[in-house]
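Visitor: Work out the full structure, taking the sequences as your base and the hints as a guide.
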Amino acid sequence: MPVYALEIIVVALGILMLMLDAFAKLEDKRSIAWLGMLGLIVVFGLLFRVEMPDAEAAKASFWNFYSPTGGLSLYFKGIAVLTTIIVLIMAADHSPVIVSNTANPEPGAHPQAGLGEFFALPLFACAGLMWMASANNLVSIFVSLELVTITFYVLVAYMRRNVGSLEAGVKYLILGALSTGFLVYGFAWLFGITGSMDLGEIKTALADSSVNPTAALFAFALILVAMAFKVGAAPFHMWVPDVYQGAPTPITAFLSVGSKAAGFVVFIRLSGMFLSSEFLVGKVSMILGVIAVLTLLIGNLVAIPQKNFKRLLAYSSIAHAGFLIMALACSPKVSKAGESLSPTNVIAFYLGAYLLMTLLAFLVMTTVRRRVSGEDFDAYKGLAKRSPFLAFALLISMASLAGIPLTAGFFGKLFVFTLAVQDSQWVLLTVGLIGAAAGFYYYLKIVASMYLEKAEGSETVANYAISIPARIAMIILIVAIIAAGVMPNLIFGLL
Amino acid sequence: METAITLNHYLYVSGVLFAIGLAGVLVRRNLIVIFMCLELMLSAASLTLVAFSRYHAAEGGPDYDGHVFLFFIITVAAAEVAVGLAIIVALFRSRETTDVTEIDSMKF
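From first to last, the protein sequence lines stand for chains W and R.
Adding 590 to a residue's 1-based position in the first sequence gives its number in my numbering.
Adding 9 to a residue's 1-based position in the second sequence gives its number in my numbering.
Read the hints as simulated data drawn from the structure, not as lab findings.
We put the CB at the ideal spot given by N, CA and C, even for glycine.
It is possible that part of the hints are untrue.
Said to hold, decoys possible - Coverage of chain W stretches by chain R, computed from C-beta distances (three or more under 8 Å per stretch; other residues unrestricted):
1) 727 to 733
2) 742 to 751
3) 756 to 766
4) 770 to 783
To be verified - Per label pair, the in silico range of CB-to-CB distance:
5) R/Asn39 - W/Gln1012: 47 to 57 Å
6) W/Pro995 - R/Asp108: 49 to 59 Å
7) R/Ile14 - W/Ser800: 18 to 28 Å
8) R/Ile83 - W/Ala703: 30 to 40 Å
9) R/Asp113 - W/Leu1034: 25 to 35 Å
Guide: As structure tokens, then:
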């Protein structure tokens, strides 16, 4: 089976779910989510069975905008599918909140009217994310990126009776469209300079000294602005906290993992073209270094005084983007020296670890949200007494986000710092260490409040109903975090 | 006096268009106007593409890659407008405003 069949299956599944929502008389619309989840599990299994056509044949065919080669693109497709599966679990758990915020006042309407699309849209975003992992042409990068972004506009603003969700939607819309403008203008210049839309040909053309360096750097700057928006890097991170806080929680999880991973795939590809050009590499890696420093400082330091858990995770996602860009900025010399630890591999590992721990945190958050309204820290006080399992899951997730040894997050940070040492980027390394230290404080603050503080006036023993799929997903994620933290080669083996 | 219109003229015009759009996004306060300015930025990019395409003569004719990209941009922009206006209308229903300075319920 060819690789691109996977995207076709995902889109077809999404359309099937929409049709079921519209025409089947379903008592409980959550069954649509279960269908999507099962379908995606099948797609995830198929990922290991696809055949890779050779590069020459792929170039000549109709699918030449789509690069099937490389285990890395399969790895990122896996990330997209896995994220979507867990997002669907969370969405099903979160459905009472969605329904109450999209309530249809018409008499006789289905009590869950409008819920079906909430489960179907993530499938289309997933197809876009998977396609993005394989895009090797400016046009196909643009179209897949927009498929994801436009779907996210709808999903972020989905709770249309909730002012926060709508505001988040509008902010995401305006800033997302702004970054699209920058991206397209940058692509236009890149096309103008090199005369090609194919990433491989652009790479060769940029390495040629006949290219005008000013124009090339101008194109790079435009593309960098757009990519910094997409991955939430400073100074273009302003949308992240507001959008994360306002969006429905499952969508926040999707944004922070799926869209970040896909953004980085494109970011690696696009900046790789500039970094492989000898007379651009100095300036480009310097600019990336500056962005990394800013992102690390802003993400980590502004996270310290946060009171809302979702907002904290937003700043944490900015901080992690900082570590990832730090790895990207270390690229040039290291990859030439032929080290085994290439920046691309490190970024892939880090994103895999980030997926596990962030999704775990969001799963806990969705479950707690069913009992307590709001996501302030107060809701987590004394959680260990009320639900030891949830508290333990959150403990593992926070420990991994902070980078404590024996968790996946530790190796992610370790590899990034190793890259910085190999490349002698001492400024970056110092800032990274400061960021990691700040991370210890704000992640473990939540753990301390869960285990040491008492909840104010609420129930002492509570039955936090954890749905079965959510419980299975949490256990798998906990095991995966610890397994990858003990044997990091497990993830490298997938690359 | 005769002067031919060169690639640079197109690039200047599209650069100015892009700058006008960007300035509009940053300065204006009405959401609808901001959205129009965003479309202006996309048009600027499209003009750049077509200009480059025209001057990249490949095998006698213009390089059609840029033209094809342009059609994708138009399509995507249309989808974006459809979704965007729907979100803005929904916001207007609940807040009765399209002024961005009044959309501030979430703060640091």
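Visitor: Give a verdict on every hint.
Guide: Against the structure, the hints come out as follows:
1. 727 to 733: holds (count 4)
2. 742 to 751: Three-residue rule met by the region 742 to 751 of chain W, so holds; n is 5.
3. 756 to 766: It holds: at least three residues are needed, and the region 756 to 766 of chain W offers 8 whose Cβ sits within less than 8 Å of chain R.
4. 770 to 783: Since three or more residues must qualify, the claim that chain R covers the region 770 to 783 of chain W holds, with 10 doing so at under 8 Å.
5. R/Asn39 - W/Gln1012: 47 to 57 Å: 51 Å, holds
6. W/Pro995 - R/Asp108: 49 to 59 Å: Roughly 51 Å apart at Cβ, these two residues keep to the hinted range, so it holds.
7. R/Ile14 - W/Ser800: 18 to 28 Å: 25 Å, holds
8. R/Ile83 - W/Ala703: 30 to 40 Å: 34 Å, holds
9. R/Asp113 - W/Leu1034: 25 to 35 Å: Holds - the Cβ-Cβ distance for R/Asp113 and W/Leu1034, about 32 Å, lies within 25 to 35 Å.
This entry satisfies every hint, going by the numbered hints stated previously.
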